[in-house]
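**Q** Make one complex out of these two single chains by using the hints.
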Amino acid sequence: MSLRSPLGRVLGLGSARGGSSHWYAQRVTAVALVLLGIWFVGSLATLDGGSYEQVTGWLGSPLNSALALLLVVVAAYHAGLGLQVVVEDYVSDNGTRAAVLVAVKFALVVAAVVGALAVLRIAFGVAA
Amino acid sequence: MAQRERPLSPFLHYRWQYTNTLSILHRITGVLLSLGFFILVYWLAAVAGGPERYAEARSCLGSPLLQLVMFGAAFAFCYHLCNGIRHLFFDMGYGFELKTARASGWYTAGAAVVLALVVWIVLRGSLGGGA
Ligand code: HEM
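Chains as they are written, first to last, in the numbering used here: chain U, 1 to 128; chain Y, 1001 to 1131.
Hints may contain errors.
Stated by the list, open to error - Chain Y side only, calculated, beta carbon under 8 Å to chain U, not exhaustive:
| hint | residue |
| --- | --- |
| 1 | 1048 |
| 2 | 1054 |
| 3 | 1070 |
Derived from the structure by calculation, the hints contain no laboratory data. Backbone N, C-alpha and C fix where the C-beta goes; we use that ideal spot for every residue, glycine too.
Isolated chain Y, as found in the complex (with noise of 0.2 Å):
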């Protein structure tokens, strides 16, 4: 008897379009900001620690590499800010017409780019960075 054909995963025979990458981009900026979460309780509990603490945590997050960090966990929020309001239009069902869908895919990773500088050049001093 002839083996019948099995069906494939689907990222085996799916074309690839950048609205694939929008969507793995807020599965990992998700879970950045998961971690990112830890980074703003151990902030949290700087400040309820007193000046002292409070200082040695800027300084500990004003380091290179927690900087690094940072701006990624910056750059996290505003993508998954703007694609999650994307995602809730989709869900109430407005925006699946393909162009839309295109087009409003290309506005939210340019509004996340300039949220993110924007946010960078504004809170660099209130993250430590300027410590």
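If we strip away everything but chain U, and leave its shape as in the complex, we get (with noise of 0.2 Å):
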């Protein structure tokens, strides 16, 4: 006997899992990144040295810092699918993958609210 009733035990356990999902979200977030990635680095490209001027000049442009946004939140996204892709294909220990995973996660979670917060700080205005 079990708690569980035979229903909620196979519930999402179907061969499918929501790969189907993942895997889309996967691939718009790759079309999003081909656009945005060409944009920062280009950008980076027309900056000439870099100073800190020419860069919150750049950055501080409502268009720029949207993209910028973008860039952040959908890198991390992506990089949170692909990442566990990776991690189910070699971490086979059910307890250890699970560890791994929320481990990345989270560690990319923080580093998207961190990047995002800069930008909107940039676009703002950094209180000098």
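**A** What follows is the structure, encoded as structure tokens:
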């Protein structure tokens, strides 16, 4: 006897396990990153030396801060989805796997929030 | 009773082809880029922290070790970008013909190397190399 109903035990354990939405999100974020990545590297290339004034002037414009914000969020999401697959492929022990996955996702979320706040702070003007 | 033959894990009997290397490189560069993401955040936080913090970060990123890391990240980005686009075409069902897949593999690798060199030469100044 178990506390869990037979239905509860099998729900979410089907062959697909929501894998298709994971696959799809990985692709959508990849397409977004093609554009955001080219924008980011291309912009850095026009900065010519990257003095503080140049960088804040560039990132301070509304369009550029919006794109930088998107880059941070989308890259973290894409990396999270990707690293999850890598971890699932190489870490077979269930407990260790869960722990590693939680650690990876925590680290990415913290980094994404720090990055997003940094972009907002630049957008609204760094208090010098 | 005779032991039935068990299936072997694919990597134990697949013949090596250079396209395998391209795939594993996509994975390796993906992991490297994920580490590079933390450098990006560090850099953004430094910009947000004001001119002094930014100058500190620049000299930190300008150290030989970090320049090497950044070069690795730049190459990883270019490779992952090019091969990622190749993957997206596969996902749409194009380019599975063996000949096409091999040719696109070579183009991808070549484009990634050239792009990485261009990016590095153009960006060195902005990435702390000139600091
Ligand atoms: C620049 C544009 C990018 C494109 C076009 C792209 C494309 C892709 C694609 C199509 C996949 C799935 C490959 C597969 O399932 O076989 C993938 C996986 C992955 N990507 Fe990206 N990506 C990009 C940027 C990034 C960035 C910026 C990061 C890190 C912050 C990243 C990290 C990863 C990781 C960790 C994987 C998993 C690798 C694996 O499962 O083997 N990617 N990428």
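**Q** Per the CB criterion, is residue 1048 (chain Y) less than 8 Å away from chain U?
**A** With a minimum Cβ separation of about 4 Å from chain U (threshold 8 Å), the hint on residue 1048 (chain Y) holds.
**Q** Tell me if the interface restraint on residue 1054 (chain Y) is satisfied: Cβ within less than 8 Å of some Cβ in chain U.
**A** holds (5 Å)
**Q** May I ask you to test the interface hint for residue 1070 (chain Y) with respect to chain U, counting a Cβ-Cβ separation under 8 Å as satisfied?
**A** Violated - the Cβ of residue 1070 (chain Y) stays beyond 8 Å from chain U, reaching only about 12 Å at its closest.
Taken one by one, the earlier hints fail for this structure only at number 3.
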